[in-house]
Amino acid sequence: MSRMHVVVTGLGTAVRGLGNPGELLGDRRPGGVPADPVERLTGRGLRYKDRATKLAMVAGEEALAAAGLIGADGAPTVPGESVGTVVSTNFGNVDTVCETVATIARDTYLGTSPMLLPATSSNVVASWLAITHGLRGANLTLCNGRTSGLDAVNWARLLVGSGRVERVLVVGVEPDNPAVRHLAPEQDEFFDGAAALVLESAASAAARGVRPLAELGPYARRAEHTRAVADVREREPRAVGLWCVPEHPEGIRAPGASLGPGPVGGVRDLSELLGPSSGALGVLQCVAGTAWLAGAAPDGADDVVLASAGTGDTGRDDAAAALILTPARSA
Amino acid sequence: MTGEVVVTGIGAVTCHGGGTDTLWRAMTAARIRRPDEPADPLAVMDLPRINLVPDPDLRAARATRFAVAAAREALADAGLTGLSEAAVVLGSCMGEPGPNERERGGDRWTAPFRLASATATRLGLAGVAHDVGNACSAGGYALGMAYDMVRAGEADVVLAGGSDAYSRVALGCFNRLGAVDPDRCRPFETDRSGTVFAEGAGILVVESAAHAAARGATAPLTLAGSGWSCDAGHVTAPHADGEQIVRAMREAVGPAGGATAIGCVIPHGTGTRLGDEVESQALHRVFGERTPDVPLYSLKALLGHAGGASAALGAVAGALILRDGHVPRNVPLREQDPGCDVWLPQRAPVPLPRDRRRVLVNAYGFGGSNSSLVLEGAAA
Chain A
1 MSRMHVVVTG LGTAVRGLGN PGELLGDRRP GGVPADPVER LTGRGLRYKD RATKLAMVAG
61 EEALAAAGLI GADGAPTVPG ESVGTVVSTN FGNVDTVCET VATIARDTYL GTSPMLLPAT
121 SSNVVASWLA ITHGLRGANL TLCNGRTSGL DAVNWARLLV GSGRVERVLV VGVEPDNPAV
181 RHLAPEQDEF FDGAAALVLE SAASAAARGV RPLAELGPYA RRAEHTRAVA DVREREPRAV
241 GLWCVPEHPE GIRAPGASLG PGPVGGVRDL SELLGPSSGA LGVLQCVAGT AWLAGAAPDG
301 ADDVVLASAG TGDTGRDDAA AALILTPARS A
Chain B
1001 MTGEVVVTGI GAVTCHGGGT DTLWRAMTAA RIRRPDEPAD PLAVMDLPRI NLVPDPDLRA
1061 ARATRFAVAA AREALADAGL TGLSEAAVVL GSCMGEPGPN ERERGGDRWT APFRLASATA
1121 TRLGLAGVAH DVGNACSAGG YALGMAYDMV RAGEADVVLA GGSDAYSRVA LGCFNRLGAV
1181 DPDRCRPFET DRSGTVFAEG AGILVVESAA HAAARGATAP LTLAGSGWSC DAGHVTAPHA
1241 DGEQIVRAMR EAVGPAGGAT AIGCVIPHGT GTRLGDEVES QALHRVFGER TPDVPLYSLK
1301 ALLGHAGGAS AALGAVAGAL ILRDGHVPRN VPLREQDPGC DVWLPQRAPV PLPRDRRRVL
1361 VNAYGFGGSN SSLVLEGAAA
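First to last, the sequence lines map onto chains A and B. For the record, in the first sequence the residue sitting at position 109 is 109 according to the working numbering, with numbers rising by one throughout. With positions in the second sequence counted from 1, the corresponding number in the working numbering is that position plus 1000.
For the record, the hints were derived by calculation from the structure and aren't laboratory data. Treat the hints with care, as some may be off.
To be verified - Beta-carbon label-pair distances, calculated as ranges:
#1 B:ARG1122 / A:ARG40: 41 to 49 Å
#2 B:ALA1256 / A:ALA102: 49 to 57 Å
#3 A:ASP73 / B:GLY1325: 48 to 56 Å
#4 B:PRO1353 / A:ARG238: 55 to 63 Å
As the list claims (entries may be wrong) - Chain A stretches covered by chain B per the calculated footprint, using a threshold of three residues with CB under 8 Å from any CB of chain B:
#5 35-43
#6 95-104
#7 117-124
#8 127-138
Quick reminder that beta carbons are idealized off the backbone N, C-alpha and C, glycines included.
Assemble the whole structure, with the sequences as input and the hints as a guide.
Now the structure itself:
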């Protein structure tokens, strides 16, 4: 495994009612009828982009700007070839695909719009992120079920460690629409939003003069949640200050001894707060965890953040993943 | 990241049938295969043309079925039939479209991208399962991910490749875009007018050299390089300057001199007018004066365009070429497009020189998603 230190340098969110990433740490569910985050988008061509793409564009732009990787015009401040894109989504363009199935059945293929057809492609979200900001590095779309978000964050680390790119925009996104609701009729709540973070090597951040917000620690993906958590804790035994738990965490218990004294920042169930967030969850957890390390953690504390997604064979998932975020070291 | 990455097993399912032996026989026969018309009453379109795998059950979860069959063959080829732990990384354009497109849509939907976990479950494999949704370059990305995972020490054995099956949505979309050739898949021909989709799966056992050696695997192939890039230009069309596909190829072949060791290219070439021209010009930039001496094997002329499986099938075909030591002649061209000035051997197989036992496989997808990889044969 590469020993390269990979750090978080930018955060972004596109969640109705959420003003900034730090609000993911609050106990209050976004209420009222707040503005739809996609209203922040302007320009041509929006009519032909699906909701997942628009949500991802909002969160992605915020993260890139926060990291100083794009200017006011949205263009990259570093060579586009040095920036990769990793998107995690399980239901991203399912609305377009479902609509196309129904349209072809009803009106034959002539009823479809050529302008919408590119959105039937599984990588449409990652494609538009790259096109919008000129990101010419590796461009990867993962659809790994509930571990997908944490898998995506780890893949960003691998892309940097392998030398494929110097920085990566990671976006986790899931839309709420009738097609997605059709996929999961047993659910009564659905997440509708996106979370994004920028990862890069500590050396790259230092060279750009950007302050790291957090550092990536160990990651593991296992059939059992307990094993995934135990694996990362074995490699990073510092006390856990915040634990972001999987969806439907009932029955999930990290090994008590490996967590240390109860997390001072508590246990966060973001799916309880925002709705089951599927492929976006792991990225949301890392955004929340980074916000905690960068602002809410007790002064002088050396606690880490544990994120785990997917319940593995304890629940209804085929796997579980765990990842630790640590405080950023001083340059 | 360090460590040699080898390929110890290959498996394939194509429109010519199951098995790599079947594929090699088709490659060496180089016969023209006319597309099929799916027995789907809802496929009401001008050109319902696709090269189907000879399996009549269109209502089945075909992409998973193809992936499992190809994976079983690859594991047997690698001598890993008793394996219980391995990573599975699968690329696909449409995932598993069958259940969602059986009828008119809307009765019951399932998440389409569960190919990797479904394949791992069917094979009884514990380990990481990644579903890669990188459109038509997905299989190339999956193999590149396997390469990275082994080099990073995250896995010793990875089943990697791609699978795609008949999708009314994909076929309808390409009809609507006017991107289906009414005849057959004819990359690099003068009057080509689009592509013809195909079903299929290609799976490779990607392994750390140390792991392969420890279990006595002999004469493996090496996965010698992988390059990825993104045009970041247009959501469907390749960028006309080819800059990013050149970059992916150069990354895969390696630093100075890497291109001189390439003995064969399996191009992305799908039969679209712009795509074939841009790739031909990009090959000239990578190979320079050597370009007329580098044989291309146009796999899609034989199989059609298998979407997210196409790069994986390209890698399987590359492995077969390296094992045999010859590049088969291509499916005959009626007339080669002068705008695609590349060498497509027509008359006889071309032997791979001893110092050029490397095959470059290209795959490009919507969104300008580009991947290239290099397979290297064992010393002759």
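So which of the earlier hints does this model not fit?
5
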